[in-house]
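Protein chains: 2
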Amino acid sequence: MNKDRNKLFVAALGGVNEIGKNMYILQCGDEIIVIDCGSKFPDESFLGIDLIIPDITYLLNNTEKVKALIITHGHEDHIGGIPYFLKQLNIPIYASRLTIGLIEIKLKEHGLLRTTQLNLIDSNSHISFGAIQASFFSTNHSIPDCLGIALHTPEGTVVHTGDFKFDMSPVNHQYPDLHRMADIGKNGVLLLLSESTNAERPGFTPSERLVGDHIAEAFSKAQQKVFISTFASNVHRVQQIVDAAIKSGRKLVLLGRSMVNVTSVAKELGYLNIPEDMLIDAGDTDRYAPENIAVLCTGSQGEPMAVLSRLASSNHRQIEIMPGDTVIIAATAIPGNERNVARIIDNLYLLGANVIYGSGSSTGMHVSGHGNQEELKLMLTLMKPQYFIPVHGEFRMLYQHRLLAESVGVAEENIFIVNNGETVEIQNNIARKTGKIPAGNMLVDGLGIGDIGNVVLRDRKQLSADGILVVVITLSKTEGHVLSGPDIISRGFVYVRDSEALMRDINQLVVSTIEKLLEEHGSQWNMMKQTLRDTLGRFLFAQTKRRPMILPIIIEV
Amino acid sequence: MNKDRNKLFVAALGGVNEIGKNMYILQCGDEIIVIDCGSKFPDESFLGIDLIIPDITYLLNNTEKVKALIITHGHEDHIGGIPYFLKQLNIPIYASRLTIGLIEIKLKEHGLLRTTQLNLIDSNSHISFGAIQASFFSTNHSIPDCLGIALHTPEGTVVHTGDFKFDMSPVNHQYPDLHRMADIGKNGVLLLLSESTNAERPGFTPSERLVGDHIAEAFSKAQQKVFISTFASNVHRVQQIVDAAIKSGRKLVLLGRSMVNVTSVAKELGYLNIPEDMLIDAGDTDRYAPENIAVLCTGSQGEPMAVLSRLASSNHRQIEIMPGDTVIIAATAIPGNERNVARIIDNLYLLGANVIYGSGSSTGMHVSGHGNQEELKLMLTLMKPQYFIPVHGEFRMLYQHRLLAESVGVAEENIFIVNNGETVEIQNNIARKTGKIPAGNMLVDGLGIGDIGNVVLRDRKQLSADGILVVVITLSKTEGHVLSGPDIISRGFVYVRDSEALMRDINQLVVSTIEKLLEEHGSQWNMMKQTLRDTLGRFLFAQTKRRPMILPIIIEV
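In the order they appear, the protein sequences are chains A and B. For reference, each letter of the first sequence is one residue, going 16 to 572 in this note's numbering. For reference, each letter of the second sequence is one residue, going 16 to 572 in this note's numbering.
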């Protein structure tokens, strides 16, 4: 037991070999620290699913050991799973001021605000969880108040970077704390977990200030109204938009629930400086000249229900884009959203707007919040870790990050690319992969968490491609023949009124199949249903090359 | 009538405000010429649909006038609709040698080869269709044997560029015919239709030779097997791959149906030069050292059933990717395919391969086949058209192309951005939009063409998101009460075995609803079904926040 007291291992419950639903655990003896609790948006293969969150079975099996959930920053892929997590396991949360503000918005929506223990930390905090001491360092990213975490254990120090870039000329003086990082590295880092999002991109990510300059220029050039869409949580960019509006003499309209919520929290907490008299309601824009109006809104990812999409299709109740207005999309499309964003740009041009989009360095309205290769190397060099696990990224990014680590001197055999759930244990300074704990996708669909599994998804897939054909037949129990039917109902297969001949053929085939079966075997339901499904399935595929789900309903009376 | 004899109009039946299914018509008096007959792959909103082709109602209503289908080149978005077109309207096709070779592959598959009249043309052909004379000019693009078309009518000359770039150092000497274009322009162009695919991109597209250099370098550096995936129809790139294999002493394996088909046609017709003894079967690779093997395969767009995808998941019967092998993806992902391609790259890295992808200019393995802004301006300048219609592109591309045309001197009021089906008429040298002819998406699903409409798609959408709940009840006709049931069947909604409580609640709700209805109104089926749908729908949404399709089946006996 003494040996196990200091046993140290780490694992990802989400966030490796994927983008999103970040969650990492560090266990040392009887203490477990959880880092981040993110969600992820499902891709098109998860039909009808709203959200994907990490499977926390391992934590539920070890509830008494779980001491804290530490959050690195307030993006959805780091906080989106919190309400679902808390409903299963209510543990204290530690986060910085803005991050807590954003978590509180979520907790309110889920009615969890009163029962949750939120602890404010900053980069100077030191917290003890039994044998583990946590300290922190400031990083910068596309949201303020980001923290990297150093967990000092009896085996040594484990560092988790969170998301970061090295923006040396940041907005609002949110500098990356190079000196603190250097100190941590100097004192020895046993294991580093560092984010890999941009590990495929050479060079150094440009400063957020570049975007500010471009926005200011576009605002001052625009002759009429300016609409600009960006991520609500990119508070530094929002500040630069506010500044550009002030400089060009424009009042500002905020549109979209998350834009209003987040700016309100950021303002209240002092992260955003907006003069009171510059904010106006959308309904009041007519009282100003077009060149005195700027509109900041949600929807930069082409989300069909968000404000930008509604504006682009002239579907907003209060405000309209007029020919000659300027529309800026200050974001790039996340993979999977390209087509929706392109459709919006088309619609904006159709309305006669000047549309500014894209991330070229000369006029670009977006820079990444993640460090490129040189910045990842800088972090690795500062931390000088003995062992390294690249995190936050799909495999090719983790792979490139491994090459970067090797290039700055981390020994190849000391780098571990892991899957979600794989444990890396360190004992007596020696690290190795030791096994697996449960990890995977927990699907959220409406109010259901985890109740949608492979069977339901497979059914949805078949239904989505070829629809369903329901065949209803009533048999006489006593006389052993067809009493009524078959009634054929098609949904998503063919439109019945346009397919009369096919419907007649289906009808005949069902009747002849059933009569033959009744004659040969009597009414054995299961065999009857299976035979109907097979016979009808073959016939329909031959006739249409489609494979609808076939649902035979046989009623005996 | 005399006035109408020379009446000239043009329209797009597909290809504007979209990428794909290109089809343009020019009508002059009683003659209609059709240019291209493409197909388009459905986006995710067209659930279960295989292909989209143009609606040709207008041509079917004017069959006697349709004189010819002229094809500019052999890409799917220009020839993919031909078999479906011919089944409705069998008219002579005119195309260049390779284009005909590729069309013949399609006609064979559809059993149409014998009944189709294929006419070989080249850039020197002159053909008369009544009052219309057609002449042609060579362009270059990512497939050999591309033609631009000049249709000389009594009203003036209308030019359609097809797809093009200006590659001045093309592979296999397929030069763009600048002198012919200059001649056509000098003699006066009334109306130009020019492609807009890259109208958003500044500068000049690099030469295909650049890719050849990079491929040759990668082939010679690779220590083991090389796998390379590209579009089968990019015969020039295939030639460069063949040359790189020869230079690096490698035998070549061709994998994938379209790769085998297209290279075989291109070889036979003299567009591709592959020494006989260098081609080997996939099964024979073991007889050679790994550094003497190159594999050219399909699947560069991440298509799940294509060779590259199967290789990446170690699912190919004959050949395997080993650690240290090199895999080159010589293509960029078409919008919508990014995630599938990324997944393949991940899997290739997991197998230990060196993966080379992306289109950066230093090591890039792909260049576009479409001209960038400077090339579009070059075409506009050569043609000096009086009127201009940008084609081939989504609205933002057409819009940018309009700006380019203005920048080289085309009068703003002489530029028409049209929708599919909008007619632009020119009479006495004056062009104007005059109306609309039918145009739209014809959906191909399995063997069905055009039988899937909005109702079926809407059903598929609902089924895909939340599944279906079938409720079966048997009523006694004479006694007016429930005889048996309700039986509740869920597909794609919830997994019944995990949802016993919900199923019990549904059961009770159905019974109480039906009994109440029977008491109050007797057995009025339609009202009963509607009430069940409403009541159950509200209940399920409150319980689960999901909206499955509800299908009540009521049987009276």
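A portion of the hints provided could be inaccurate.
The list treats identical chains as interchangeable, and a pair is accepted whether it falls inside one copy or across any two copies.
[Said to hold, decoys possible] Within a straight-line C-alpha distance of at most 30 Å, the following computed DSSO-like cross-link-like pairs (lysine-lysine) qualify: (1) Lys392 with Lys448; (2) Lys560 with Lys102; (3) Lys560 with Lys392; (4) Lys201 with Lys266; (5) Lys392 with Lys121; (6) Lys560 with Lys121; (7) Lys102 with Lys262.
FYI, nobody ran anything at the bench for these hints, they're computed from the structure.
Status of the hints after comparison with the structure:
no. : hint               : result
1   : Lys392 with Lys448 : within (24 Å within a copy, 59 Å between copies)
2   : Lys560 with Lys102 : between (47 Å within a copy, 18 Å between copies)
3   : Lys560 with Lys392 : neither (54 Å within a copy, 46 Å between copies)
4   : Lys201 with Lys266 : neither (50 Å within a copy, 54 Å between copies)
5   : Lys392 with Lys121 : neither (35 Å within a copy, 52 Å between copies)
6   : Lys560 with Lys121 : between (47 Å within a copy, 18 Å between copies)
7   : Lys102 with Lys262 : neither (47 Å within a copy, 64 Å between copies)
Comparing the model with each numbered hint stated earlier shows that hints 3, 4, 5, 7 do not hold.
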